[in-house]
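Colleague: Protein sequences, first through last, are from chains F, L, Z and E.
With the numbering used here applied, the first sequence closes on residue 451, and no number is skipped along the way.
With the numbering used here applied, the second sequence closes on residue 1451, and no number is skipped along the way.
With the numbering used here applied, the third sequence closes on residue 2137, and no number is skipped along the way.
With the numbering used here applied, the fourth sequence closes on residue 3137, and no number is skipped along the way.
Just so you know, the hints here were simulated from the structure itself, not pulled from any lab data.
Ideal Cβ positions, reconstructed from N, Cα and C, are used throughout, including at glycine.
Label pairs and their computed distance ranges (CB to CB):
#: 1; chain 1: L; residue 1: P1233; chain 2: Z; residue 2: E2085; range: 53 to 63 Å
#: 2; chain 1: F; residue 1: P349; chain 2: L; residue 2: M1001; range: 36 to 46 Å
#: 3; chain 1: L; residue 1: R1429; chain 2: F; residue 2: D427; range: 53 to 63 Å
#: 4; chain 1: F; residue 1: E246; chain 2: L; residue 2: P1441; range: 50 to 60 Å
#: 5; chain 1: L; residue 1: P1441; chain 2: F; residue 2: P349; range: 50 to 60 Å
#: 6; chain 1: F; residue 1: A348; chain 2: L; residue 2: T1355; range: 29 to 39 Å
#: 7; chain 1: Z; residue 1: L2101; chain 2: L; residue 2: G1321; range: 29 to 39 Å
#: 8; chain 1: E; residue 1: P3106; chain 2: L; residue 2: A1038; range: 56 to 66 Å
#: 9; chain 1: Z; residue 1: R2108; chain 2: L; residue 2: A1448; range: 49 to 59 Å
Here are some chain F residues pointing at chain E (derived, C-beta under 10 Å):
#: 10; residue: F49
#: 11; residue: R58
#: 12; residue: N65
#: 13; residue: I94
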Amino acid sequence: MFKKVLIANRGEIALRINRACHELGIATVAIFSDADRASLHVRHADEAFCVGPGPATRSYLNIPNIISAALISGCDAIHPGYGFLAENARFAEIAADHGLTFIGPTPAVINAMGDKATAKRLMQEAGVPTTPGSGIVASVDEARTVAEQIGFPVLLKATAGGGGKGMREVHAPAELPTAYATAQAEAEASFKDGRLYVEKLMVNPRHIEVQVLADEHGGVVHLGERDCSVQKPSHQKLIEEAPAAELDPGLRARLHHIATTATRAVRYTNAGTLEFLVSGSDVYFMEMNTRIQVEHPVTELIYGVDLVKEQIRIAAGESLGFTQDDLHPHGHAIEVRVNAEDPENNFAPAAGTLTTVVFPGGPGIRVDTHVYGGSIVPPFYDSMLAKIVAVGRTRESAILRMERALGETRIEGVKTTVDFCRELLGDERFRAGGVGVGWLPSLLARRAQPV
Amino acid sequence: MFKKVLIANRGEIALRINRACHELGIATVAIFSDADRASLHVRHADEAFCVGPGPATRSYLNIPNIISAALISGCDAIHPGYGFLAENARFAEIAADHGLTFIGPTPAVINAMGDKATAKRLMQEAGVPTTPGSGIVASVDEARTVAEQIGFPVLLKATAGGGGKGMREVHAPAELPTAYATAQAEAEASFKDGRLYVEKLMVNPRHIEVQVLADEHGGVVHLGERDCSVQKPSHQKLIEEAPAAELDPGLRARLHHIATTATRAVRYTNAGTLEFLVSGSDVYFMEMNTRIQVEHPVTELIYGVDLVKEQIRIAAGESLGFTQDDLHPHGHAIEVRVNAEDPENNFAPAAGTLTTVVFPGGPGIRVDTHVYGGSIVPPFYDSMLAKIVAVGRTRESAILRMERALGETRIEGVKTTVDFCRELLGDERFRAGGVGVGWLPSLLARRAQPV
Amino acid sequence: MTEDVIAVRARALAGALAEAGFARLRVRDGETEIEVRRASHSAPVRPSCAVPAEPAPRPTVERMADVISSDVVGIVRLARPAIVEGQELDEDRELAFVETLGIRNPVRSRGTGHVIAVFVTEGQPVEYGQALFAIER
Amino acid sequence: MTEDVIAVRARALAGALAEAGFARLRVRDGETEIEVRRASHSAPVRPSCAVPAEPAPRPTVERMADVISSDVVGIVRLARPAIVEGQELDEDRELAFVETLGIRNPVRSRGTGHVIAVFVTEGQPVEYGQALFAIER
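Generate the whole structure from the sequences, applying the supplied hints.
Modeller: Right under this line is the structure:
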């Protein structure tokens, strides 16, 4: 097992990794930017290095400073968390070159899955159903040909994409040229890679993903699915749950089977997530995330497995301590993302000082956060302040528990998504279960209309 | 089911009950003293009534004001929590006289179990093994006769006692007169009942208790045992866990069997706890607590049952929704009491303003508390600020998790038991499991000796 | 009362003060007396300071009142005829009683004075410490 | 830099200030400059106050210094011969370099001056923003 791990991240996930390390008896090294000097992720680590000023490109994405901090402090491994350098194969390679174990899959797999077109091809080869569409298209004309072939509406997607960036819906041929230009420009700006591909746009599908764990000795298990269909118009997830509600048992079993098959086919190791679009009885592979996900706690709560500890154990060469038969979910879990943003104003991110912070507690509640009363929300990063997770015996009891937990939550100083999410939980359609990704955007659109 | 419940308590347990009610869709009415105006238990309730000034005798023990608040606000039930009026049969009777359901057992059972000598007799009749000793003794001479018969050391105990009050260890005949006088005076002052009985004093036994639930239709289940042997010299519990470590499986099964048998024998209803002293393979009934216990969360975490919700359901006349066969514990849970007291100074209670409050979070951690940054700790009540509970797959993983959780905890403004408990968790003897109630006092005595 | 408790009582009292619209309110609770004084709006906020300060500006109208508050939780039953604002009390008398579980808890004026505020109405539920009347002495 | 960031930088700078034992320290970071001034120990703590105050007492010795801090995370390699406290710099020169993954990141004096503090030793690991030298201009 590792002696000391550098945590190449910030915020709640850095704290989450710190917890897993400490519970495994591993020392930790935090990195931080000038803007995060007072964050809890710095306070709780055994050592901490400032790696740059506020902007992420100069700090949390500063590979030389991060690797240097790991070497100076005598680390033997790096955990990248999610975002930042988590899916950067080059970072994983540089770490390896300096004798540091990267806690995640191999650079080759990261690369293959990170390139959406390659990932799709590999999945097709493994017999995984994928959305009808093209490989990389070289021009608007080529995009039009593909679109007409599979039929409008289509989705233009950046092959290097993620987080909804470099993605455009195209409902008619006339919209193509503008959509192509803006998606390409956005992809170029965000990922320095403007290549696009075309996919069939599903109408209001569900976003369902399957968590997998794979060790270096051929052990592969799934830990069930998560439903992440409650997404903002920007495609960012807001509420997630496990298991998916109102899902046909046959379809559920098929998703699990596809996930483990695909994991084996690409010789995947460590924790990963296969994202699918589900529409009626159709299942289409969307992408594979080669890292821990924000929403991993809902899976942890119903399976009783600590996914971050498993990541570390796998990276240290250990075999999974369990087989598929040992894994049984209990109950239902739901997560709400508490973001510093204004739901009344297109979720515009907010920065400032948190004057009051009271999180919920009691039975069945888990809170993952790096903020506290008096802490500063810098303007540079993701707006997530906390994840509140509720577990109950049934979906209904988990939702009721989450409602009371959000009612207890008090965050003052910046606008947050707390009250908005509490309202969503009370919505009849949400309560029935199984909403699609179009549910929240259309609800917001209806609200925005004058009465 | 009830429409509105008055919560006749304060602090974390009031909040705990508030949570259960809200998750069941029941409105809540809090009561508070002048000193608790800003407590979270007041803020989260749907309505709140000030029932008196700071001292508990004039507020949380003020039966007319509490019942009046329940009637004015249209409540149909009262939950007493623990402490204060929780085991006051008269209060339960007055509530019933005013048409309010008391969430707990019947007044007759509260009375019987509250009188230690009666409880012991009833248990003996039910075939439950009890500590060798007397019924009520009328004088020092009678106490001496009994003591000589069962052999020193003995324990003098107030029949109305609880919380270590009115209790004296007597190691030799010469100590008897003083011990008798002080125990009697203390019992008289604390409970207005100076009657004492004599019991064999076990040397360093374990304190193991069994949680039971019983409905009004004959349904009785146990939810395993808790080990509460880590007690301060004042006999107050400090660290509790479930299940008990290093306990012979046969002995465990016997404890569970005795508990359910006794519960049936006394026609007990609602949640209750049977406390036992365990020494080697000997088991002796100590007392039955006819209420929810402080340490109930360790049971909840390993059984996945919400005990407070079950209390409410039972009081509403529902049948238990499960049988013994449905109940299976998973993993190991441990609770640490965060008290505002100074472990370096005989646990002297501290009052004041909490300048900084940061509680732990993340996987496997539950926090039950009513305090927050800036809140005031009044001098009038129990010094408990919070309960931190950790659950893991094994005892070792739960302890490691608790160690990291206590490391994350930061409470400034008053002295607390956080660091002290963290030290205890690291003790080799504690780590081995199965310490007796004498362990902590003797560890403290060794420390106090000059080197 | 401890200092903490005095602070919370004072805060509660300040609410009644604002409602009643005068300058000073006083409440007695057993051995302790709390007086809350409202700063005039025209007075500048002055931090305590080493240099000698000018005398603090005073509000234009200064009135001094005793607040009679409830000792119990119950329902207010006003005296008949009801005490009204502006009324002069030329002797100590019962202003109302608060009914708690059928028991009559009298509320007395504790001497003579001028009734400047009646905070409650007939049949209103009140909690412990809730302001019932304000009497200028 | 945002105001928040300036605040945290200023706080870090204040640490170096106390260590170096003089009155003012200044740090430049791209377009922004932060100056931290230490109050003299003899000066009484004075809340801001409406009455005109006497002139604020000033520290006996006032010195003004530029702090040269590290731009990278790495190991300090001092110039040879090593720069020492009290040394005069009559030209812009390299004071040290910070080695990061085998790359040499030079640390220059940014002009002439009097070296009043060397905060680091040969081979010491430093983080981003860590004070290396203070130079009086």
